[in-house]
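Each chain, written out:
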Amino acid sequence: MSAPLLQTVALEARYGDAQALFGIDLSMEAGETVAIIGANGAGKSTFLKALTGLVAVAADSVRIDGRASGGLAPGDIVRQGVAMVPEGRRLFPSLSVEENLLMGGYARRPGPWNLRRLYAMFPILAEKRRQPGTALSGGQQQMVAIGRALMSNPRLLLCDEISLGLAPIVIKEIYDALPAITAEGMSVVVVEQDVMVAQRVSQRLYCFQEGRVSLQGASDGFTREQISAAYFGV
Amino acid sequence: MNAIVIRGSGAARASGWLAAGLVVAAATLPWWGEPAWMREFVEIACYFIFAMMWNLLAGYGGMVSVGQQAFLGLGGYVMLSLGNFLGVNPFLAIPLAALVAALAALPVSRLAFRLQGGYFAIGTWVIAEVFRLSIANVPAVGGGSGTSLTALRGMSRGMRENTTYWVALACVVVALALVYAFLRSKQGLALQAIRDSEVAAESQGVDVARLKLAVYVVAAFGCGMAGALYFVSAIRISPDAAFSVNWTAFAIFIVMIGGIGRLEGPIIGALVFWALNKFFADYGTWYQLGLGVLAVLMTLYFREGLGGFLHRRLGVELLPTRRILQSAGTPAATPPAPTLTLKETLR
Amino acid sequence: MDILIQGLLLGGLYCLFSLGLSLMFGVMRLTNIAQGDFIIAAGFAAVSLAPLFDGQLLLTGLALLPLAFAAGYLVQRSLLNRTLGKDPLPSLVVTFGLSIVIQNLLQELYSANPRALEVGALSTDNLALGGTVVGTLPLLILLAALLATAGLQLLFARTAIGRAFRAVSDDREVAELMGLRASRVYATATALAFALIALAGVFQAMRTTVAPSDGPMLLLFAFEAVIIGGMGSFWGTFVGAMALGLSQQAGFSLDPGWGVWFGHLVFLAVLLLRPNGLFPKTRG
Numbered sequence: 000m001s002a003p004l005l006q007t008v009a010l011e012a013r014y015g016d017a018q019a020l021f022g023i024d025l026s027m028e029a030g031e032t033v034a035i036i037g038a039n040g041a042g043k044s045t046f047l048k049a050l051t052g053l054v055a056v057a058a059d060s061v062r063i064d065g066r067a068s069g070g071l072a073p074g075d076i077v078r079q080g081v082a083m084v085p086e087g088r089r090l091f092p093s094l095s096v097e098e099n100l101l102m103g104g105y106a107r108r109p110g111p112w113n114l115r116r117l118y119a120m121f122p123i124l125a126e127k128r129r130q131p132g133t134a135l136s137g138g139q140q141q142m143v144a145i146g147r148a149l150m151s152n153p154r155l156l157l158c159d160e161i162s163l164g165l166a167p168i169v170i171k172e173i174y175d176a177l178p179a180i181t182a183e184g185m186s187v188v189v190v191e192q193d194v195m196v197a198q199r200v201s202q203r204l205y206c207f208q209e210g211r212v213s214l215q216g217a218s219d220g221f222t223r224e225q226i227s228a229a230y231f232g233v
Numbered sequence: 000m001n002a003i004v005i006r007g008s009g010a011a012r013a014s015g016w017l018a019a020g021l022v023v024a025a026a027t028l029p030w031w032g033e034p035a036w037m038r039e040f041v042e043i044a045c046y047f048i049f050a051m052m053w054n055l056l057a058g059y060g061g062m063v064s065v066g067q068q069a070f071l072g073l074g075g076y077v078m079l080s081l082g083n084f085l086g087v088n089p090f091l092a093i094p095l096a097a098l099v100a101a102l103a104a105l106p107v108s109r110l111a112f113r114l115q116g117g118y119f120a121i122g123t124w125v126i127a128e129v130f131r132l133s134i135a136n137v138p139a140v141g142g143g144s145g146t147s148l149t150a151l152r153g154m155s156r157g158m159r160e161n162t163t164y165w166v167a168l169a170c171v172v173v174a175l176a177l178v179y180a181f182l183r184s185k186q187g188l189a190l191q192a193i194r195d196s197e198v199a200a201e202s203q204g205v206d207v208a209r210l211k212l213a214v215y216v217v218a219a220f221g222c223g224m225a226g227a228l229y230f231v232s233a234i235r236i237s238p239d240a241a242f243s244v245n246w247t248a249f250a251i252f253i254v255m256i257g258g259i260g261r262l263e264g265p266i267i268g269a270l271v272f273w274a275l276n277k278f279f280a281d282y283g284t285w286y287q288l289g290l291g292v293l294a295v296l297m298t299l300y301f302r303e304g305l306g307g308f309l310h311r312r313l314g315v316e317l318l319p320t321r322r323i324l325q326s327a328g329t330p331a332a333t334p335p336a337p338t339l340t341l342k343e344t345l346r
Numbered sequence: 000m001d002i003l004i005q006g007l008l009l010g011g012l013y014c015l016f017s018l019g020l021s022l023m024f025g026v027m028r029l030t031n032i033a034q035g036d037f038i039i040a041a042g043f044a045a046v047s048l049a050p051l052f053d054g055q056l057l058l059t060g061l062a063l064l065p066l067a068f069a070a071g072y073l074v075q076r077s078l079l080n081r082t083l084g085k086d087p088l089p090s091l092v093v094t095f096g097l098s099i100v101i102q103n104l105l106q107e108l109y110s111a112n113p114r115a116l117e118v119g120a121l122s123t124d125n126l127a128l129g130g131t132v133v134g135t136l137p138l139l140i141l142l143a144a145l146l147a148t149a150g151l152q153l154l155f156a157r158t159a160i161g162r163a164f165r166a167v168s169d170d171r172e173v174a175e176l177m178g179l180r181a182s183r184v185y186a187t188a189t190a191l192a193f194a195l196i197a198l199a200g201v202f203q204a205m206r207t208t209v210a211p212s213d214g215p216m217l218l219l220f221a222f223e224a225v226i227i228g229g230m231g232s233f234w235g236t237f238v239g240a241m242a243l244g245l246s247q248q249a250g251f252s253l254d255p256g257w258g259v260w261f262g263h264l265v266f267l268a269v270l271l272l273r274p275n276g277l278f279p280k281t282r283g
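Residue numbers (numbering that gives the first Met the number 0), protein chains in the order written: chain A, 0 to 233; chain B, 0 to 346; chain C, 0 to 283.
Simulated from the structure, these hints should not be mistaken for lab results.
You may find that some hints are simply not true.
Unchecked claim - A few chain B residues that face chain C, going by a derived Cβ cut-off under 7 Å, partial list only:
#1 L110
#2 L132
#3 L177
#4 T284
What the hints assert, rightly or not - Below are the DSS-like pairs computed for lysine-lysine, each with C-alpha atoms no more than 27 Å apart in a straight line:
#5 C:K85 x B:K185
#6 C:K85 x B:K211
#7 B:K211 x B:K185
#8 A:K127 x A:K171
Said to hold, decoys possible - If you want the footprint, here are the derived chain C segments under chain A, 3+ residues with CB under 8 Å:
#9 66-80
#10 166-174
Glycine included, every Cβ here is placed at the ideal spot set by N, Cα and C.
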């Protein structure tokens, strides 16, 4: 049996002075879409930061394809095929839309994603390609951020709260693009505060509560009450 | 749960008595010491006061200035003008000159504060250069080649040197007391809050802009005092000597060696500087080069300075300016966390 | 009219002084207090290298550029990268310390006397330009400044490394998420800045003299040019250098001792009235 695409083993992480993660065990196979839900401060973003090398963790607590990857530099992580859509978009203000996308391709990994394909998926971006990235609306910026991550041709896409601050109709538009992304076997981790959206787009979910996993399993296999209890730790 | 705020410690109180004793002993120097020692003390005192002000600005106020010599030189020239032209006793002119320097800091800040960070630093240097060039164009004070303090001509040399020495001692005490009192006050606490996190401090209602101006003005006062004192002792003043950037260079060295952001830093640094000066100043360029290298190495590898090192190793802080919150009645599950010092936030 | 021309020509040299400063600050928020001293050091290096090339200045300059590039890369990787961060103090103290080290080192190696590059006929060569006579060397320097500014502008706007510069300056963390290695990008920026510094140093040694303690003065000129022109734009720096050159020339024409002072006053005036400079670039 081959190693799972991503596996965390008793993952602990500190954010500044405080401990944010207290032993997270998570695993996912290639091709899955897994959601992570939880309240503010539950450790979801810290978890993604641990995966992408932005937060220091023990080397063996994060395994990609079975290889210890904890604490690697962010550049090495993206070269292994793990790309992140950061919380709050974080586009480069000094770069145009197209330049932002091109930056995503800095790591030069082979694969199907390129500018043309992204513009086909998000036509509005083609229209605004020369505008500064931050001159776009929130939803359009989110598209750029996702496109930028896809440009590195990852095997695993990490989406950190991509619905934050967006209107429901825009959220729907963005998540409607997800099947096109996963169609060729892309694995996705979706961090969401919106539980319904998370359940809808994923096959499995984990619920974080104060740095620990409080619930895990098939996304459609839980009742409202179960999720609520796990979410708030009641 | 009762909360106690600890402001001092046994070691601090002991050092307070020790300091008082030292000052009294030092005051008796004219009776048993050589005149050369007194001149040396006066010179080091000026460097020390100037360095303390640089430390206040950079280590506590977060403003790195490479142009404080503007106020030092201004203090010197104002003292000389008051003495030579208005017949004011130069020793009395020292606090007056310091006051003028502090007042000058107000309009200067309107310009300097338009810049931030590194550009603020160079901007202050430009302003110091403007002071230098402007005064070099004033014939009444000797223009580019400078002039002499004539107001002390009536005094005997011994009397002059003794009085200068005592005044220097007084200036050191005043400067220390001033800065210490400021840092332990509410303003000082707010200042350290800004240093740790400007955004957080502002959200707590701290008027950051006004506080930074207050620090800038206090520092200018101290620099002016140092300048006035220096040239009372040196008798001869010139724009190049008064506004030289070397003042800042030495201040940076003193503070980085002794430990930035600590009150005892400049004291330790000034002592080290005096010692190095005594033994190596004859080596001229190599000595200065060595100082530069040392400052670079300290900043890169030993940012806490000797003062911070002592604090860490011995757990002793001789001049505490932080307040530590300790709750009575609840056993400490984890060691109490004092407010972070600058060095810890830099790590 | 003569003041105008002389001022612009002087501005060309000041532009070369300031491009490196602007570049390093733009990419990594690092203020290089030793900028002027590195320029002087480059001038001295040219003086030492020139005999190897039989006084051929073009060859000397061409040989110096890659050396400077490598030196800049090393200085950033080994020393300056360690000073970067939210606190401006370490980079300021370290570059200030470097300034002192360089000045004293140069003094030990070359003594305090000013040196210059033998320029030969070029120092007196003139060109008749639309009614007035203009020195060939200053014109050459202005041309070099124009090319350097245009080159930098193009590099930043159109090339991959320029994109990397802008990205890492905007958001280092996210840039690293894309696979960029910030420490190497920073080093490349400094390497480029040092190449410009070398160019400036060679021209300074050609135009006048270089002495070990000249550095700080050049730094102040470079800084004033950047602030007058407005931060964030290389053409702004160019214009700022022109303005500074003009101001100094105007002051000089009134009284030989007032040149530099006039420049300072114009700088302060701009700081007071237009603190963002004449051509500020607003960030998104």
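Does the structure keep K127 (chain A) and K171 (chain A) at a Cα separation of 27 Å or less? holds, 21 Å
Closer than 7 Å between Cβ atoms is the bar; does L110 (chain B) clear it against chain C? Give me holds or violated. Check passed: Cβ of L110 (chain B) comes within 5 Å of chain C, closer than 7 Å.
Interface restraint verdict for L177 (chain B) against chain C (beta-carbon cut-off 7 Å): violated, 23 Å
Holds or violated: the stretch 166-174 of chain C covered by chain A, criterion of 3 or more residues with Cβ-Cβ distance under 8 Å? holds (count 7)
Satisfaction of hint between K211 (chain B) and K85 (chain C), Cα-Cα up to 27 Å: With a Cα-Cα distance of about 18 Å, the restraint between K85 (chain C) and K211 (chain B) holds, given a limit of 27 Å.
Minimum Cβ distance from L132 (chain B) to chain C below 7 Å? holds, 5 Å
27 Å Cα cutoff - pair K211 (chain B), K185 (chain B): Answer holds: K211 (chain B) to K185 (chain B) is near 14 Å, not above 27 Å.
Taking only the CA atoms, is the gap from K85 (chain C) to K185 (chain B) under or equal to 27 Å? Given pair K85 (chain C), K185 (chain B) holds - Cα atoms ~26 Å apart, limit 27 Å.
Per the coverage rule (Cβ-Cβ under 8 Å, at least three residues), is the stretch 66-80 of chain C covered by chain A? Violated: only 0 residues of the stretch 66-80 of chain C have a Cβ under 8 Å from chain A.
Restraint outcome when T284 (chain B) is required to lie within 7 Å of chain C by C-beta distance: holds, 4 Å
Hint violations for this structure: numbers 3, 9, all remaining hints satisfied.
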